[in-house]
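Protein chains in written order, with our numbering: chain A, 1 to 637; chain B, 1 to 263.
Just so you know, these hints were derived from the structure itself, not from any lab.
Each hint should be verified, as a subset may be incorrect.
[To be verified] Covered, in the sense of this in silico footprint (three residues per stretch, anywhere, with C-beta under 8 Å from a C-beta of chain B), are these stretches of chain A:
1) 213 to 226
2) 380 to 392
3) 458 to 472
4) 538 to 548
Backbone N, C-alpha and C define an ideal beta-carbon position, used for all residues, glycine too.
Here is how the chains run, residue by residue.
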Amino acid sequence: MILDGKCPTGPIQTSWDRHCFDLKLVNPANKRKYKVLVVGTGLAGGAAAASLGELGYNVEAFCYQDSARRAHSIAAQGGINAAKNYPNDGDSIYRLFYDTIKGGDFRAREADVWRLAQVSNNIIDQCVAQGVPFARDYAGYLDNRSFGGAQVSRTFYARGQTGQQLLLGAYQALSRQVNAGTVKLYTRREMLDLVVVDGEAKGITCRNLVTGEIESYWGDAVVLATGGYVNVFYLSTNAMGCSVTAAWRATKKGAYMANPCYTQIHPTCIPQSGDHQSKLTLMSESLRNDGRCWVPKKQSENRKPGEIPEAERDYYLERKYPSFGNLAPRDIASRAAKEQCDDNRGVGPGGRGVFLDFSDAISRLGEDKIRERYGNLFQMYEKITDENAYKVPMRIYPAPHYSMGGLWVDYNCMSNVPGLFVLGEANFSVHGANRLGASALMQGLADGYFVIPYTIAGYLATTKPGKAKTDHPEFKKSRDEVEGQLKKLLSIKGKKTVTDFHRGLGKIMWENVGMARTAESLKTALREIPKLREEFWQNVNVSGGMAGVNQQLENAWRVADFFEFAELMTRDALHRNESCGGHFRVEYQSEDGEAMRDDQNFTYVGAWEFKGLDKEPELHKEPLKFENVHLAVRSYK
Amino acid sequence: MSADHNAMNLTLFVWRQKNAKDKGRLERYEAKSVSPDMSFLEMLDIVNEDLIKQGSDPIVFDHDCREGICGMCSQMINGVAHGPEAEITVCQLHMRRFKDGDSIYIEPWRSKAFPLISDLMVDRRAFERIIQTYGYTSAHTGGVPDGNATTIPKPAAEMAMDAAACIGCGACVAACPNASAMLFVAAKVSHLGVLPQGEVEGARRVRAMVAQMDKEGFGNCTNHYECEAACPKGIKVTFISRMNRELMKSIPTGDEVSAAGGF
Ligand SMILES: Cc1cc2nc3c(=O)[nH]c(=O)nc-3n(C[C@H](O)[C@H](O)[C@H](O)COP(=O)(O)OP(=O)(O)OC[C@H]3O[C@@H](n4cnc5c(N)ncnc54)[C@H](O)[C@@H]3O)c2cc1C
Ligand code: FES
Chain A
1 MILDGKCPTG PIQTSWDRHC FDLKLVNPAN KRKYKVLVVG TGLAGGAAAA
51 SLGELGYNVE AFCYQDSARR AHSIAAQGGI NAAKNYPNDG DSIYRLFYDT
101 IKGGDFRARE ADVWRLAQVS NNIIDQCVAQ GVPFARDYAG YLDNRSFGGA
151 QVSRTFYARG QTGQQLLLGA YQALSRQVNA GTVKLYTRRE MLDLVVVDGE
201 AKGITCRNLV TGEIESYWGD AVVLATGGYV NVFYLSTNAM GCSVTAAWRA
251 TKKGAYMANP CYTQIHPTCI PQSGDHQSKL TLMSESLRND GRCWVPKKQS
301 ENRKPGEIPE AERDYYLERK YPSFGNLAPR DIASRAAKEQ CDDNRGVGPG
351 GRGVFLDFSD AISRLGEDKI RERYGNLFQM YEKITDENAY KVPMRIYPAP
401 HYSMGGLWVD YNCMSNVPGL FVLGEANFSV HGANRLGASA LMQGLADGYF
451 VIPYTIAGYL ATTKPGKAKT DHPEFKKSRD EVEGQLKKLL SIKGKKTVTD
501 FHRGLGKIMW ENVGMARTAE SLKTALREIP KLREEFWQNV NVSGGMAGVN
551 QQLENAWRVA DFFEFAELMT RDALHRNESC GGHFRVEYQS EDGEAMRDDQ
601 NFTYVGAWEF KGLDKEPELH KEPLKFENVH LAVRSYK
Chain B
1 MSADHNAMNL TLFVWRQKNA KDKGRLERYE AKSVSPDMSF LEMLDIVNED
51 LIKQGSDPIV FDHDCREGIC GMCSQMINGV AHGPEAEITV CQLHMRRFKD
101 GDSIYIEPWR SKAFPLISDL MVDRRAFERI IQTYGYTSAH TGGVPDGNAT
151 TIPKPAAEMA MDAAACIGCG ACVAACPNAS AMLFVAAKVS HLGVLPQGEV
201 EGARRVRAMV AQMDKEGFGN CTNHYECEAA CPKGIKVTFI SRMNRELMKS
251 IPTGDEVSAA GGF
């Protein structure tokens, strides 16, 4: 089937404004009759719930943590983009749009990206009004820094804690609505299923993570803002609880999963130190403003970094990409680091690392300036590695970080299941095959504050409030299914723990569906995933029972969903016979090792329809048209 | 665990309590071959893996980001909130801080306002309710001025950021002999109060938040400064004095008293 993104036609500059005017409205007195469920309280969900509550809708918001403020958006360090052009360095909405399309390797929808660039400026204003303490200069104006994939300074930041501060802004706005009675908050709730009634999303089934009860919630629309899925690799920069569960359950209920193979491996993470490792820690990309990446020219070098003279160092990013240098986009920087390590020039334990060196910046600007810019990151690095990065270069290595793929949505952020909206990292919409730094925070807040408040009305205006409530048989059916699966997990009582299986799955995915993929490796993964999944269902040991807190059971459910999702992700990677952005197929590269797209055959969004575990999923294509940016080979040289 | 030659053997005494009604007790566990490169939570993961394999219930503890920012992790280690190292959370604590043969006592946050849920997990929703009373500016979505329309002196922006760094973990309450939440509340009052955008509602905010704090059953501040010592983000007690000044200055007018829920 050919999918239609329902993008407005005509000049792109006015497309969003025209679309807003064309959308139906819900009159103020009727808004409170509509109940909207918002699953997730990160930047996307938090902003959405606060804004919808303020508009007068009756909102219920859910998260699995004990507070809305703890969503993983909190961990974003570096910053948020906006086309303000405060530094007067040539930025504009068009340039942010252009950079995002190009950065995404021409695999995103033009109209969505334009809208993102357009509302980016409102986001900064909104956050300032909420009291977000962005960095300022001595005159009291907002300060900017640069990020990868851009030649202008358009990134706003709050020390190394930008995500935290933006999330607190959204969380506080949400708390204000809770106080006003427009939003009801359900914390320590995990959505385990989507309830679809007559083809439309009308509710969710949750497990109460304190009592263990299975609960039903109805709504006239369901908004998923449940974050990304890179924990499919086991080790990643995501929080321990981040999962594909909400999105995958929606997929199993008919929503299409788009471009799942587009995953971002972030170039600057702290290398793994051993098998005990439970997660990887990101060092913000902003460090590449002042840090220089290098490896020794000599293979298997064993001198200390300070003993290696300048002439024997290879500043490989500056050498290969002179115009972007250390600020080359993430996919390119990650692959370059991997190449160096594969070539035996890696540093640190196991040779899986490259240096990120601040000595030049420190001699140019002084240690204090560097401390002011990145103090908390250097501190974090020292806590983990016991090394002082003011004195010796940091060691970094790429790690799974972000999912560009996600549930398919149209221009209104609505999936193919009417009434199901998807925001933030959970949808596939704006980053194409590669996301630029500081653009995820921008997208989350754009979707939550400035898109969904308009577009949801277009759907709600066509539906009667309270069409299906929790007494509808579909709710019971969903509860029964969930209970059945939970009981099954508890009854297996096998020999391996959930973590053993998750680690095993992660290994298959990292080795075969990671930074560089081949048809061969993908086929291997397609053999190994179902094998391990089968073993999981026969040999996993989940202790405890249904009632009360049971963290093993929570985790077992998430891992079970990752097992199913992993297969689809691999299939998508195997079907996409080209290299683009974060999806690098070894067979498709130029002579100097750059990714080679196949625009003739793959300029489309691949959206998969789930047909059952033992059946092939069906591929639906949404062709992408480039009318405002010339489809060209991406070059950062 | 790891075969590392620096590996350590440790004895843990962990608070086990199935739920709020259960009677809790310290249980002894042996953690063997612990690598100094492990984080404290990774050490507990491994103890838990063993417990599961033995058919026992693993130790329940809150955690998520494991990089010191979400504020989810919360443990008293040898009587100190977040353990022996200054300005970090439990999840950032690494085992190289301990020596072979050490005994480690691990307990939950203890405070009347944070009822226990299970083992090391407590209910911190009292903090939520304090923020819900007035921990915000009343900015509407949309219709706000340009971000540069009001300049903010750098020192004010920096001070706001110092206060806003709070992760809401509750270590300040756990460390305080009175289980006071003054540092938490003062941090939010100051973050918003020093910025022009938040100052407008400053008087109403401080009164409402302090009233809610008292209602939740947190204790009084009697200047022990244990909160500052325990705070993983190094938030200073000077914010408490600042809040007290703001509270003093906030003499309410009649209509504000009812709106803000009393003084
Ligand atoms: C370490 C790190 C640093 C980053 N730095 C930057 C940066 O500097 N700039 C930038 O632009 N981007 C950055 N990113 C990316 C960016 O932070 C995320 O993409 C973005 O914050 C995601 O926001 P979100 O609202 O979509 O999801 P999240 O913030 O992940 O929120 C997900 C929410 O969904 C809830 N949830 C999930 N599943 C369920 C379920 N089944 N049931 C109930 N609730 C559920 C969670 O409780 C949570 O509330 C970074 C990411 C990481 C990991
Ligand atoms: S787990 Fe997030 S702060 Fe410790």
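Going through the hints against the structure:
Counting residues of the region 213 to 226 of chain A whose CB lies closer than 8 Å to any CB of chain B gives 0, which falls below the minimum of 3, so the coverage claim is violated. Counting residues of the region 380 to 392 of chain A whose CB falls under 8 Å from any CB of chain B gives 4; the rule of at least 3 is met. For the region 458 to 472 of chain A, the proposed coverage by chain B is not satisfied: 0 residues have a C-beta within less than 8 Å of a C-beta in that chain, short of the threshold of three. Using a Cβ-Cβ cut-off of 8 Å, 4 residues of the region 538 to 548 of chain A lie near chain B, which meets the minimum of three, so the contact claim holds.
In the structure shown, a violation is registered for the earlier hints numbered 1 and 3, in ascending order.
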